[in-house]
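J.: Residue numbers for the sequence shown follow this note's numbering, so the first one is 272 and each next one is one higher.
Each hint should be verified, as a subset may be incorrect.
[To be verified] Within a straight-line C-alpha distance of at most 25 Å, the following computed SDA-like cross-link-like pairs (lysine to any residue) qualify:
#1 LYS403 - ALA377
#2 LYS461 - GLN282
#3 LYS368 - TYR388
#4 LYS403 - ASP353
#5 LYS430 - PHE383
#6 LYS479 - THR301
#7 LYS347 - PRO440
#8 LYS337 - GLY416
#9 LYS325 - THR464
#10 LYS442 - GLU286
#11 LYS403 - ILE348
#12 LYS352 - ASN433
#13 LYS284 - ASN334
#14 LYS310 - GLU460
#15 LYS439 - ARG449
#16 LYS477 - ILE455
#17 LYS310 - LYS479
Hints were generated in silico from the structure; no laboratory data involved.
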Amino acid sequence: MLLTSSLSIAQIKGEYVYSAGIDAGTRTLTFNGLSFSDKYTGHMNDAFGEGSFKMANNSLYLNYFKLKDKDSSVYKIDTRKDPLNLTRIYVQVFDEKIPLIAASVAIRDQDFNLLFYVRTAGNGTADLTIRKLERAHYLTVDFIGFNRVTIPLSQLAGKANNIFVGLKPQKTMIEPPRTDVYRIIKFEEKTLTLLDINRREYIFKKVK
272 MLLTSSLSIA
282 QIKGEYVYSA
292 GIDAGTRTLT
302 FNGLSFSDKY
312 TGHMNDAFGE
322 GSFKMANNSL
332 YLNYFKLKDK
342 DSSVYKIDTR
352 KDPLNLTRIY
362 VQVFDEKIPL
372 IAASVAIRDQ
382 DFNLLFYVRT
392 AGNGTADLTI
402 RKLERAHYLT
412 VDFIGFNRVT
422 IPLSQLAGKA
432 NNIFVGLKPQ
442 KTMIEPPRTD
452 VYRIIKFEEK
462 TLTLLDINRR
472 EYIFKKVK
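Start from the sequences and build out the full structure, keeping to the hints where you can.
T.: Structure (structure tokens):
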């Protein structure tokens, strides 16, 4: 059956698998009631997320919950009031006990879109000053192959912050909380075709 305006949540149930090719890994969306899980299995790393979903106006909304990760990276913040009420951030990043060079220290908006970033220097440090927090909502610290640290900027606003980050090797990346929206192009008995906001098409095959 092709997509119709009567498509309901009750009709989308079970496991749907997408693969972009032999070397690209696979992504599995599993729907059960009002909940979903999203699992990516690749050659270098894996990713996992879960949450709730809804369907409206021929679109699929995936609302990712904030999940706990027992293998997540850790951080410590020492703060003091900034005399000019600016948000000053000094970060030192370690891999185990070794300073990590070229780690990304980024400022992101409420949807985790990148606003700007800096890289850590040879001693694993980076610093930045934020004058206005209008669009800035999160500070993230990450490096390829390690679990990301995410800190709400509301915790740091108007303060001078010394942040010490210990990044741990990434086994399975936990998807950050957010809402992704896909256009439902086609829904048949064994196929679900979605289009993301960048107009990339995903053809999922139902396996269960």
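J.: Now, for every hint given, state plainly whether the structure supports it.
T.: Hint by hint, here is what the structure shows:
Note on LYS403 and ALA377: the hinted pairing holds, with a Cα-Cα distance of about 15 Å set against a maximum of 25 Å. Restraint check for LYS461 and GLN282: the C-alpha separation of about 12 Å stays at or below 25 Å, so the hint holds. The suggested pairing of LYS368 with TYR388 holds, with an alpha-carbon distance near 24 Å, which does not exceed 25 Å. Distance restraint check for LYS403 and ASP353: the Cα-Cα separation of roughly 14 Å lies within the 25 Å cut-off, and the hinted pair is therefore satisfied.
Simply put, LYS430 and PHE383 have alpha-carbon atoms about 22 Å apart, close enough for the 25 Å limit, and the pair holds. The suggested pairing of LYS479 with THR301 holds, with an alpha-carbon distance near 9 Å, which does not exceed 25 Å. Of the pairs offered as hints, the one joining LYS347 and PRO440 holds, with about 18 Å between alpha carbons and a cut-off of 25 Å not exceeded. For the hint pairing LYS337 with GLY416, the CA-to-CA distance comes to about 20 Å; that is within 25 Å, so the pair holds.
Pair hint LYS325 plus THR464 holds up; C-alpha atoms about 16 Å apart against a cutoff of 25 Å. Between LYS442 and GLU286 the alpha-carbon distance is near 23 Å, which keeps this suggested pair within the 25 Å criterion. For a cut-off of 25 Å, the pair hint linking LYS403 to ILE348 stands: about 21 Å separates their Cα positions. Pair hint LYS352 plus ASN433 holds up; C-alpha atoms about 12 Å apart against a cutoff of 25 Å.
For a cut-off of 25 Å, the pair hint linking LYS284 to ASN334 stands: about 17 Å separates their Cα positions. Distance check on the hinted pair: LYS310 and GLU460 sit about 22 Å apart at the alpha-carbon level, within 25 Å; holds. Proposed proximity of LYS439 and ARG449 is supported: the alpha carbons are some 23 Å apart, at most 25 Å. Taken as a hint, the LYS477 and ILE455 pair is honoured in the structure, with Cα atoms around 15 Å apart against an allowance of 25 Å.
For the proposed pair LYS310 and LYS479, the alpha carbon gap of about 15 Å is at most 25 Å, so the pair holds.
Of the hints listed earlier, there is not a single one the structure fails to meet.
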